[in-house]
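Make a model of the complete structure from these sequences and hints.
There are 2 protein chains.
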Amino acid sequence: MPMDTFTLRGYETDAHGRLSVPALMNILQESANRNAAEHGFGMADLTQFSQSALGWMLMRFRLRMYHYPVYGQTIQVMTYPTFVEKYFIYRDFRVLAEDGTLLADATSTWLVFSMEKRTMVPLPDFIRNLTLPSHPDPLPRLPLKPDFQTAPFSPILEKTVEVGWLSIDQNQHVNNVAYVQWLVECVEDETLKTRELAEIDLVYRTESHWHDRLRVQLAIDTSAEAPSDTRLHRIEHSGSGKEILLARTRWRTSD
Amino acid sequence: MPMDTFTLRGYETDAHGRLSVPALMNILQESANRNAAEHGFGMADLTQFSQSALGWMLMRFRLRMYHYPVYGQTIQVMTYPTFVEKYFIYRDFRVLAEDGTLLADATSTWLVFSMEKRTMVPLPDFIRNLTLPSHPDPLPRLPLKPDFQTAPFSPILEKTVEVGWLSIDQNQHVNNVAYVQWLVECVEDETLKTRELAEIDLVYRTESHWHDRLRVQLAIDTSAEAPSDTRLHRIEHSGSGKEILLARTRWRTSD
Numbered sequence: 001m002p003m004d005t006f007t008l009r010g011y012e013t014d015a016h017g018r019l020s021v022p023a024l025m026n027i028l029q030e031s032a033n034r035n036a037a038e039h040g041f042g043m044a045d046l047t048q049f050s051q052s053a054l055g056w057m058l059m060r061f062r063l064r065m066y067h068y069p070v071y072g073q074t075i076q077v078m079t080y081p082t083f084v085e086k087y088f089i090y091r092d093f094r095v096l097a098e099d100g101t102l103l104a105d106a107t108s109t110w111l112v113f114s115m116e117k118r119t120m121v122p123l124p125d126f127i128r129n130l131t132l133p134s135h136p137d138p139l140p141r142l143p144l145k146p147d148f149q150t151a152p153f154s155p156i157l158e159k160t161v162e163v164g165w166l167s168i169d170q171n172q173h174v175n176n177v178a179y180v181q182w183l184v185e186c187v188e189d190e191t192l193k194t195r196e197l198a199e200i201d202l203v204y205r206t207e208s209h210w211h212d213r214l215r216v217q218l219a220i221d222t223s224a225e226a227p228s229d230t231r232l233h234r235i236e237h238s239g240s241g242k243e244i245l246l247a248r249t250r251w252r253t254s255d
Numbered sequence: 001m002p003m004d005t006f007t008l009r010g011y012e013t014d015a016h017g018r019l020s021v022p023a024l025m026n027i028l029q030e031s032a033n034r035n036a037a038e039h040g041f042g043m044a045d046l047t048q049f050s051q052s053a054l055g056w057m058l059m060r061f062r063l064r065m066y067h068y069p070v071y072g073q074t075i076q077v078m079t080y081p082t083f084v085e086k087y088f089i090y091r092d093f094r095v096l097a098e099d100g101t102l103l104a105d106a107t108s109t110w111l112v113f114s115m116e117k118r119t120m121v122p123l124p125d126f127i128r129n130l131t132l133p134s135h136p137d138p139l140p141r142l143p144l145k146p147d148f149q150t151a152p153f154s155p156i157l158e159k160t161v162e163v164g165w166l167s168i169d170q171n172q173h174v175n176n177v178a179y180v181q182w183l184v185e186c187v188e189d190e191t192l193k194t195r196e197l198a199e200i201d202l203v204y205r206t207e208s209h210w211h212d213r214l215r216v217q218l219a220i221d222t223s224a225e226a227p228s229d230t231r232l233h234r235i236e237h238s239g240s241g242k243e244i245l246l247a248r249t250r251w252r253t254s255d
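These protein sequence lines map, in sequence, to chains A and B. Under the UniProt record's numbering, the first sequence has 141 at position 141, and the numbering climbs by one with no breaks. Under the UniProt record's numbering, the second sequence has 120 at position 120, and the numbering climbs by one with no breaks.
If you're looking for bench data, these hints aren't it; they were derived computationally from the structure. Treat the hints with care, since some could be wrong.
Since copy identity is lost for identical chains, a pair holds within one copy or between any two.
Derived DSBU-like pairs (lysine-lysine); straight-line CA-CA distance at most 30 Å [unchecked claim]: (1) Lys117 with Lys242; (2) Lys86 with Lys242; (3) Lys242 with Lys145; (4) Lys117 with Lys193; (5) Lys193 with Lys159; (6) Lys117 with Lys145; (7) Lys193 with Lys86; (8) Lys86 with Lys159; (9) Lys242 with Lys159; (10) Lys86 with Lys145; (11) Lys159 with Lys145; (12) Lys86 with Lys117.
And the structure:
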């Protein structure tokens with residue numbers, strides 16, 4: 001099975017000295033880029049087979065952290081597409097320590113969007129007709145609209161962010177990991193200091209651009225079994241109130 | 001000569017698709033960590049040879065960019081200490097393309113600080129007495145107090161930043177690359193869109209911490225030969241006005 005190897009760098013760790021979740025998401029998506037290119041449907045391939053410029057967009061992402069690696073540790077990332085439908089392609093990730101311990105896993109849903117119209121389009125035929133590698137146990141497809149998307153949301157913390165130049169990627173919109181950084185920066189101090197992320201589940205709803213003003217909100221998930229361990233997050237355009245991202249996170253006491 | 005190899009990842013590039021300067025600084029400092037550890041004066045060694053906890057702190061850094069590499073390109077980083085004095089150790093960096101083209105170089109000045117007292121201390125004897133590897137052409141030591149540190153400074157742009165959790169490193173203070181990100185985000189749009197950084201020269205004056213409010217300022221360098229190509233930057237504590245970072249940047253029209 002194809003595997004990418006990453007030795008963790010100092011700046012990929014946080015104040016606790018452990019791999020930070022945004023750094024891991026960057027690594028996973030880099031691995032996804034490489035894997036898609038190997039299968040012939042990387043960013044460059046999309047444009048080549050189409051009249052108009054197309055891009056990949058992340059719609060759903062759920063990451064579960066089992067053990068946090070530290071500075072200097074080498075991790076192995078396996079990623080592979082699991083299902084393909086008319087509009088969506090699904091991709092799993094497994095992160096292993098060198099001794100084979102499962103450190104994290106993730107599953108994700110991607111769509112193709114038209115760079116010009118800025119809307120989703122059906123997957124091009126050459127992708128829909130892909131013969132996917134078979135994998136013993138794909139993670140179940142994430143629901144397109146998870147329950148927390150419509151759960152009651154009473155903000156207990158709110159911040160405003162202006163989208164900066166360095167948060168914009170080559171698609172000329174905000175890189176999807178930037179939202180996760182903003183979401184983490186809008187969590188209570190006590191949680192950041194004494195807990196670690198056990199799980200993050202993300203729904204990307206629309207894009208945002210350079211200089212946009214965004215409102216980042218935090219709420220307790222009162223519908224959860226253990227509300228004290230669970231948070232809801234919302235990022236919206238500050239003016240229109242249009243939803244950009246919804247998320248649920250689960251936190252556990254760190255070692 | 002020892003050499004680290006890095007294949008550029010998607011998220012290390014900016015909206016132009018080229019390696020971003022903060023991403024390169026992260027890579028260079030990672031390479032410096034590894035090199036210091038190989039020479040026996042890495043972060044871990046500092047503490048081992050001392051009664052009190054010590055840390056490395058960057059005081060001066062100047063980077064010159066000759067050619068910007070792009071996504072997927074492999075770069076080679078060479079770094080080595082060049083001079084050692086009572087309080088300071090100097091380190092150079094060279095960044096090469098695979099065909100040997102010089103892409104960037106940098107030189108830097110580091111000191112050791114006491115984690116407890118948060119002040120600089122003389123370099124421990126085992127570092128002062130190091131036999132440094134000899135290199136054909138070390139870059140000249142940067143002046144401790146460069147001329148732009150006392151140049152007239154009339155802000156044309158100003159932003160306020162609150163230090164977030166993800167900007168804090170294991171020393172419990174702001175990571176030095178975070179300041180460079182804030183400095184870039186406080187540059188006029190036209191410069192970011194149409195130009196590229198040719199040179200950045202940094203003076204780190206004091207540290208800052210989680211939740212500190214910082215004022216980031218931009219000025220034209222009227223003392224420069226070509227003021228339109230040169231900018232001055234200043235980051236200070238918002239309340240006390242205490243200087244944290246001063247910088248000069250030079251920008252050129254990008255290809």
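Tested hints:
| no. | hint | verdict |
| --- | --- | --- |
| 1 | Lys117 with Lys242 | within (18 Å within a copy, 48 Å between copies) |
| 2 | Lys86 with Lys242 | within (26 Å within a copy, 58 Å between copies) |
| 3 | Lys242 with Lys145 | within (16 Å within a copy, 49 Å between copies) |
| 4 | Lys117 with Lys193 | between (43 Å within a copy, 23 Å between copies) |
| 5 | Lys193 with Lys159 | both (19 Å within a copy, 27 Å between copies) |
| 6 | Lys117 with Lys145 | within (23 Å within a copy, 52 Å between copies) |
| 7 | Lys193 with Lys86 | neither (43 Å within a copy, 37 Å between copies) |
| 8 | Lys86 with Lys159 | neither (38 Å within a copy, 45 Å between copies) |
| 9 | Lys242 with Lys159 | both (16 Å within a copy, 26 Å between copies) |
| 10 | Lys86 with Lys145 | within (17 Å within a copy, 62 Å between copies) |
| 11 | Lys159 with Lys145 | within (25 Å within a copy, 38 Å between copies) |
| 12 | Lys86 with Lys117 | within (19 Å within a copy, 62 Å between copies) |
Checked against the numbered hints listed earlier, the structure breaks hints 7 and 8; every other hint is satisfied.
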